[in-house]
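Undergrad: Given the structure of chain A, go ahead and fit chain B with the ligands onto it with the hints provided.
Protein chains: 2
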Amino acid sequence: MDLFGGIEAGGTKFVCVAGSGPDDIRMEERFPTTSPVETIGKMVAFFQHAEKKLGKKFVSFGVASFGPVDLDTSSPTFGFITSTPKPGWKNTDLIGPLRKTFGVPVGFDTDVNGAAIGEGMWGAGKGLKHFIYITIGTGIGGGAVVDGKPLHGLIHPEMGHMLLPHDWDRDPFEGHCPYHGDCFEGMASGPALKARWGVSADGLPANHSAWDLEADYIASALQNLIAVLSPQRLILGGGVMQQEQLFPLIRGKLLEKMNNYFQSPAILNRMAEYVVPPGLGNQAGMLGALAMARNEIEK
Amino acid sequence: MDLFGGIEAGGTKFVCVAGSGPDDIRMEERFPTTSPVETIGKMVAFFQHAEKKLGKKFVSFGVASFGPVDLDTSSPTFGFITSTPKPGWKNTDLIGPLRKTFGVPVGFDTDVNGAAIGEGMWGAGKGLKHFIYITIGTGIGGGAVVDGKPLHGLIHPEMGHMLLPHDWDRDPFEGHCPYHGDCFEGMASGPALKARWGVSADGLPANHSAWDLEADYIASALQNLIAVLSPQRLILGGGVMQQEQLFPLIRGKLLEKMNNYFQSPAILNRMAEYVVPPGLGNQAGMLGALAMARNEIEK
Ligand SMILES: Nc1ncnc2c1ncn2[C@@H]1O[C@H](COP(=O)(O)OP(=O)(O)O)[C@@H](O)[C@H]1O
Ligand SMILES: Nc1ncnc2c1ncn2[C@@H]1O[C@H](COP(=O)(O)OP(=O)(O)O)[C@@H](O)[C@H]1O
Ligand SMILES: [Zn+2]
Ligand SMILES: [Zn+2]
Numbered sequence: 002m003d004l005f006g007g008i009e010a011g012g013t014k015f016v017c018v019a020g021s022g023p024d025d026i027r028m029e030e031r032f033p034t035t036s037p038v039e040t041i042g043k044m045v046a047f048f049q050h051a052e053k054k055l056g057k058k059f060v061s062f063g064v065a066s067f068g069p070v071d072l073d074t075s076s077p078t079f080g081f082i083t084s085t086p087k088p089g090w091k092n093t094d095l096i097g098p099l100r101k102t103f104g105v106p107v108g109f110d111t112d113v114n115g116a117a118i119g120e121g122m123w124g125a126g127k128g129l130k131h132f133i134y135i136t137i138g139t140g141i142g143g144g145a146v147v148d149g150k151p152l153h154g155l156i157h158p159e160m161g162h163m164l165l166p167h168d169w170d171r172d173p174f175e176g177h178c179p180y181h182g183d184c185f186e187g188m189a190s191g192p193a194l195k196a197r198w199g200v201s202a203d204g205l206p207a208n209h210s211a212w213d214l215e216a217d218y219i220a221s222a223l224q225n226l227i228a229v230l231s232p233q234r235l236i237l238g239g240g241v242m243q244q245e246q247l248f249p250l251i252r253g254k255l256l257e258k259m260n261n262y263f264q265s266p267a268i269l270n271r272m273a274e275y276v277v278p279p280g281l282g283n284q285a286g287m288l289g290a291l292a293m294a295r296n297e298i299e300k
Numbered sequence: 002m003d004l005f006g007g008i009e010a011g012g013t014k015f016v017c018v019a020g021s022g023p024d025d026i027r028m029e030e031r032f033p034t035t036s037p038v039e040t041i042g043k044m045v046a047f048f049q050h051a052e053k054k055l056g057k058k059f060v061s062f063g064v065a066s067f068g069p070v071d072l073d074t075s076s077p078t079f080g081f082i083t084s085t086p087k088p089g090w091k092n093t094d095l096i097g098p099l100r101k102t103f104g105v106p107v108g109f110d111t112d113v114n115g116a117a118i119g120e121g122m123w124g125a126g127k128g129l130k131h132f133i134y135i136t137i138g139t140g141i142g143g144g145a146v147v148d149g150k151p152l153h154g155l156i157h158p159e160m161g162h163m164l165l166p167h168d169w170d171r172d173p174f175e176g177h178c179p180y181h182g183d184c185f186e187g188m189a190s191g192p193a194l195k196a197r198w199g200v201s202a203d204g205l206p207a208n209h210s211a212w213d214l215e216a217d218y219i220a221s222a223l224q225n226l227i228a229v230l231s232p233q234r235l236i237l238g239g240g241v242m243q244q245e246q247l248f249p250l251i252r253g254k255l256l257e258k259m260n261n262y263f264q265s266p267a268i269l270n271r272m273a274e275y276v277v278p279p280g281l282g283n284q285a286g287m288l289g290a291l292a293m294a295r296n297e298i299e300k
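Chains A and B, in that order, give the protein sequences.
Take the first sequence: its letter number 152 is residue 153 in the working numbering, and every next letter is one higher.
Take the second sequence: its letter number 185 is residue 186 in the working numbering, and every next letter is one higher.
No lab work stands behind these hints: they were computed from the structure.
Some clues are possibly wrong.
[As the list claims (entries may be wrong)] To be clear about the criterion: a stretch of chain A counts as covered by chain B if any three or more of its residues have a C-beta under 8 Å from a C-beta of chain B, and this derived list gives those stretches: (1) 158–165; (2) 228–241.
[Stated by the list, open to error] Cβ pair distances, simulated, as ranges: (3) A/Asp203 to B/Ile298: 51 to 61 Å; (4) B/Ser76 to A/Gly89: 45 to 55 Å; (5) B/Ala46 to A/Gly282: 58 to 68 Å; (6) B/Phe79 to A/Leu269: 13 to 23 Å; (7) A/Trp169 to B/Arg31: 38 to 48 Å; (8) B/Lys195 to A/Gly97: 51 to 61 Å; (9) B/Glu274 to A/Asp148: 25 to 35 Å.
[To be verified] Keeping only pairs whose Cα atoms sit at most 30 Å apart, straight-line, the calculated BS3-like set for lysine-lysine is: (10) A/Lys87 to B/Lys258; (11) A/Lys254 to B/Lys258; (12) B/Lys58 to B/Lys150.
All C-beta atoms, glycine included, are put in the ideal place defined by N, C-alpha and C.
Next comes chain A alone, as it looks inside the complex:
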């Protein structure tokens, strides 16, 4: 089997993987995201080492990155992280060093589009042409596959920054997004939960009222995604969604909110298959990067 390289470039850690798919991960390494020079150096070194150790050349790479990123293949800064507030990382070329060192094609997309692509190839999006992957973790982001292709547009989606109904009587928390206060991410990300309840999200008991409120915001966001993109499925991942009791809560609230307006059997009769966890679990991001590498040579 050909050897592919995948990089999940996150704001807190990088995950590098060498292999060809979920059943063929030959080497893997994770390290914290420090300075660009150090982090990208480690990434390149890992893949050089892997070629030696595995006795095989990489056919292509896929980089699924934190953003904002430049996805415009005709732009001189294609493959760059652009205007990030993360110190040192503004205008960082992520794909140049791989291209120069290995001389093979390098696919590039957002971390969430990467996860969506991975779910489409091997996970909960398999066989679907239109679906959305949402991560609810330190931030909230979404990647969409439309007509079989990742959605880009002018920049790329930033689904976490949708504005949602906020019942101030029930929830006087002013929100945690430095830009918008009570946008989706500002209300429902892990750090928002911590700021609202004073306890880390993973420390809130499963029967805490936080989860009913959380499910409410997520259900509103999903109604909006359905209204705008009409996906065939919604895949919800990320640390916060480890709270499995959220799934039935979200599905129930979503059906209640939509109130039979969106008339599709997939929504009305098969909600348990419509809002689902990732088929690849917490490997969606890293496997997505590998899937992007594979797509590179099928172009």
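TA: Quick look at chain B with the ligands alone, frame taken from chain A:
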């Protein structure tokens, strides 16, 4: 020049047009939407009459219809209006009668996708690959072009039914959508304005405080569309948008709400070209149907 037929099939009126584009409209007819038999009969009769009068055969048709509609070309009910509450129109085949009578290709899409396609061919979406057309009239709907193609998905977008922040202190109106109460359409459509203020939307003076509130809801909705679809432009049409003072209000509020989060020069520096009225004015729908007919023969 070849002869094309376009049908804007609206819930209150049908507009039928024979020609090839904005500068070549050879015949046009509008009639109220009554029963399916009568309305579809009039539509077919108009085009039969047009062939005789113009001495030319139609090459193809485009139908841009009120919904919900079936856009799945592999479905036996492709080209049907499906679960509409409009009396008599449930499960109505709109394209069969045209195909049978004229034996030529018939394109089919939602009314708002049709308008988007028309704007893309001849109007404010010309040269763009990703943009959205929104109508704010009796209802609110949106059509999107993604990667040069109209967005469909599971059913099709219903952008008017997004959920938005609702400041109950400022605006105690409970909303007008029979399904969701205070969704976007429930708060900002023409009938919602009438229900809130007790005056028909077109009777509210330009300096009425209604417009500041209206611009606020529209700006929230646009932020959500940017967050989800990252369009290159937003085109706002429909009866309510005849209130031209809304444009600068919406642009200002949108910039304020987004608070420099979406870092693109198109948004940060060229807002006056980012949120715009239709290039085709109120002919976007009818010309869109004609554009769809033209696309049919280029497939
Ligand atoms: N089991 C859990 N229950 C609730 N929240 C969790 C759980 N595990 C992690 N989280 C929260 O998810 C966030 C981390 O999200 P994660 O998706 O793991 O990483 P990141 O978004 O940084 O890539 C943190 O805010 C953490 O508190
Ligand atoms: N100049 C105007 N100012 C404000 N509202 C208007 C104006 N003209 C029409 N409207 C409102 O727009 C709605 C009709 O929208 P329109 O786009 O013309 O038709 P439809 O949505 O039925 O296809 C009505 O609610 C009407 O009150
Ligand atoms: Zn935000
Ligand atoms: Zn609604």
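Undergrad: Are the hints correct? Go through all of them and say.
TA: Status of each hint after checking the structure:
{"no.": "1", "hint": "158–165", "in the structure": "holds (count 8)"}
{"no.": "2", "hint": "228–241", "in the structure": "holds (count 6)"}
{"no.": "3", "hint": "A/Asp203 to B/Ile298: 51 to 61 Å", "in the structure": "58 Å, holds"}
{"no.": "4", "hint": "B/Ser76 to A/Gly89: 45 to 55 Å", "in the structure": "52 Å, holds"}
{"no.": "5", "hint": "B/Ala46 to A/Gly282: 58 to 68 Å", "in the structure": "60 Å, holds"}
{"no.": "6", "hint": "B/Phe79 to A/Leu269: 13 to 23 Å", "in the structure": "20 Å, holds"}
{"no.": "7", "hint": "A/Trp169 to B/Arg31: 38 to 48 Å", "in the structure": "47 Å, holds"}
{"no.": "8", "hint": "B/Lys195 to A/Gly97: 51 to 61 Å", "in the structure": "58 Å, holds"}
{"no.": "9", "hint": "B/Glu274 to A/Asp148: 25 to 35 Å", "in the structure": "27 Å, holds"}
{"no.": "10", "hint": "A/Lys87 to B/Lys258", "in the structure": "22 Å, holds"}
{"no.": "11", "hint": "A/Lys254 to B/Lys258", "in the structure": "27 Å, holds"}
{"no.": "12", "hint": "B/Lys58 to B/Lys150", "in the structure": "28 Å, holds"}
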